[in-house]
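Trainee: So the sequence lines, in the order shown, correspond to chains A and B. Numbers 1 to 49, taken from the working numbering, label the letters of the first sequence in order. Numbers 1 to 760, taken from the working numbering, label the letters of the second sequence in order.
These aren't lab readings, by the way, just hints derived from the structure by calculation. For each residue, glycine too, the CB sits at the ideal point set by N, CA and C. Wrong hints could be hidden among the right ones.
Unchecked claim - Restricting the straight-line Cα-Cα distance to at most 20 Å, the calculated cross-link-like pairs of lysine to any residue (SDA-like) are:
#1 Lys41(B) <-> Lys278(B)
#2 Lys202(B) <-> Gly383(B)
#3 Lys93(B) <-> Gly29(A)
#4 Lys78(B) <-> Lys28(A)
#5 Lys593(B) <-> Arg692(B)
#6 Lys28(A) <-> Leu327(B)
#7 Lys609(B) <-> Phe577(B)
#8 Lys28(A) <-> Arg92(B)
#9 Lys27(A) <-> Lys202(B)
What the hints assert, rightly or not - So, partial list: chain A residues that the calculated Cβ filter (under 10 Å) puts toward chain B:
#10 Ala15
#11 Ile23
#12 Phe31
#13 Tyr35
#14 Ser36
#15 Leu42
Claimed, not checked - Interface residues of chain A toward chain B, partial, derived using beta-carbon atoms under 7 Å:
#16 Val26
#17 Asp33
#18 Phe43
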Amino acid sequence: MSVIIVLLLASISVAALFLAAFIWSVKKGQFDDDYSPPRRILFEDSPPE
Amino acid sequence: MVYQLINKNGLCEYYNLNENPGISQRISVRKDKFAFLDDQKIEQQLISFKDDSQIHITFYLPQMHCSSCLYLLENLHKLNKGVIASKVNFTRKEVAIRFNFKETSLRKVAELLTSIGYEPYISLSDLKQAKPGVNKTLIYQLGVAGFCFANIMLMSFPEYLGLESAEKSLQGVFRTLNFILSLPVLLYSALPFYESAWKSLKHKFLNIDAPIALAILMTFVRSAYEVLSGTGAGYFDSMTGIVFFMLAGRILQQKTHQQLSFERDYTSYFPVAVTVIKNKEEVPVALPDIKLNDTLLIHNEELIPTDGILTKGKAFIDYSFVTGESLPVMKDTGEFIYAGGKQTGGTIEVLVMKEVAQSYLTRLWNKDEQTATEEKSQSFVQGLSRYFTYIVLSVALIGAVYWSFYDSHKAWNVITTVLIVACPCALLLSNSFTNGNILTILARNKFYLRNAQAIEDMAGISHIVFDKTGTLTNTHHQDIVYEGTLLTKDQEQLVGTLAAQSTHPLSKALTTYLKRNTKFEVIGFSEVKGEGIEGFVNGELVALGSKRFIKGKFTKPDEGTRVYVSVENKPLGYFRFQNHYRETLPALVSDLKKQFDLSVISGDGPAEKENLQNLMGLKTNVLFEQSPADKLSYIQQLQTKHENVMMIGDGLNDAGALKQSNVGIALTENTNNFTPASDAILEAAQLSKLTRFIQLCRANKQIVMASFILSIVYNIIGLFFALQGVLSPMIAAILMPSSSISIILLTFGSSSLAARWLKL
């Protein structure tokens, strides 16, 4: 029985991680521009950071 | 030139990326065009970040259009060592550049961009700094709601399916977890509903969010009570579910067209700085700092920022921004010039008569803002929801009164469940999802609406007003009609060859119309600016120009745009330039005529009146020589007659009318161009679909009504249980999501179907 509670907590924390990842990615602007990143990766020499 | 620059720096891959990279290089830009960027004060206002070595700046580059652009722009560091890095945001057509200002300067970066064909667009509005970021709060709220909703659903299942008595202790854990998980939804995700409800209550009226906020709060209080007292599982899953769906609908509906702006004012048209002549020196001065009696130096292709008097040079002013008319207007020294035109040709000097904020054009704009503050129409959904709320409240009250006589314990139970079930979330859902889908469908057809309210306004239109020049006519084509002594084939080529020598727009149009003969030799070509051209072509003296130029000084100038021609000093006739009406116009007009009253309103002279009246039909009201203020008051007049007016225009002179009308549509040849503030932006090639756009907007209302009726059916089922006081969380949990999902499917499906039927 208690294993269910452990599993439950595990699943919720994994889901919470995904939520955090989602919020982080929105905040970093990963959804702002859906054109350049997929093309940028195809260029031979990527711009310096 | 661009190739050399690229090749030298080993960026040849650029050409392998795309079949036709770049757009043709324009005329090279004047040397001092970006001189104003050396000015510390202006620089300060444009850049986003500066430390002791670096500057960060974001430029808007309207020319950006393909993956090769992306490649080139992100390799700027190879073209200029001072650039540290550049990053493109393609959706917004922006490039963010970091550079070392000890090695290069803002001006040099701007010049580099210009030299490779991406001239940064720097306008006065950039100085104001207030760039509204995209609002991401709703997305976070949706994310949180989705997370909580999914987990609560998961933990509610055991409850519905029935737990064995041995596992009763688990029940408590599940319920407590649900309670905890619902808190973020209640306190964070549902915030927009509370805010909107509170705002409407403050204005003493009930909007649709008020009963929703009430239902959310009620559900929470009831569920929390049940869980804490150990009497039940509550309705946490339903509550988080509706919040999640409603937020999703809200986002879908608010999805904006980032690359477009519906709120442009004059500042986004005007340059940041102009050249002012002070003590015989040319100084760049920021626009707000221009004072009366300054002398401005306006170069070719530059905008005249304020009203003034031409003091030097011959002006050919292209007012297509303002009026939609593409042929430049000629002005002589001493004449008054209005702001907003673009000089084409040589450099001119203008004495400032009014400050920028006081010019005719700017005042026109400011006047609009007063009228715009008035509340536009209100959504029918708001009205509907108000009745709905009253009915629900009275049902709850009757139920409570009834039960308080028979079983007072149940009264509280009944009130809460009625309020939970009767939440008009289905109405809100159907409305926002239909709107969202229709906005997407219209955008696919290059018709961009500013917001969802515009859909309803479109559906209620009864009168359509068109601007003529640039809207009904095509800016890029002119019909040329020749009248006079018939020209022989040879003579036509003589004229065409002569016209090819000049860069005047009328000459260019004549050359394309008549064709040139490259074998002909032109000797002694001379051009009298603003009058005409002459020269010996193939040994014959040919002259082209105004009536005065050809026929002598004492003739009266005539209406319309005409170019007279003479061969060997003998006047032969003239070419008349007519606006070219869009090919799709007759079909569109005959469609629209059946359903709407039409008007055409134009700032031009009445030369075209008969032609246009024939084209538009006799019932159409055709008005000429209307000033921008006339256009606005014409719309107001129609509105006092309870007409719902749609205005379609393209120039700044329509801006007032566009704002005053119920739906203002700005027509543009290319969505990268700048359009006056409006409710919608339509690409000119799609004008023929206007009838179908309106039909789709009308379908919107029917779809919302249909799904509303469906949702009422669900509500009645729910109320049936609720009033008896037997609404179990199980029934609520089935009813809520299934009604939401079926309504979303219905709205999406039927609006897409309507679009397909209309071939959009």
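Trainee: For every hint, state whether the structure bears it out.
Mentor: A quick look at each hint next to the structure:
no. : hint                    : in the structure
1   : Lys41(B) <-> Lys278(B)  : 18 Å, holds
2   : Lys202(B) <-> Gly383(B) : 17 Å, holds
3   : Lys93(B) <-> Gly29(A)   : 15 Å, holds
4   : Lys78(B) <-> Lys28(A)   : 27 Å, violated
5   : Lys593(B) <-> Arg692(B) : 14 Å, holds
6   : Lys28(A) <-> Leu327(B)  : 47 Å, violated
7   : Lys609(B) <-> Phe577(B) : 15 Å, holds
8   : Lys28(A) <-> Arg92(B)   : 16 Å, holds
9   : Lys27(A) <-> Lys202(B)  : 33 Å, violated
10  : Ala15                   : 6 Å, holds
11  : Ile23                   : 6 Å, holds
12  : Phe31                   : 8 Å, holds
13  : Tyr35                   : 4 Å, holds
14  : Ser36                   : 4 Å, holds
15  : Leu42                   : 8 Å, holds
16  : Val26                   : 5 Å, holds
17  : Asp33                   : 5 Å, holds
18  : Phe43                   : 6 Å, holds
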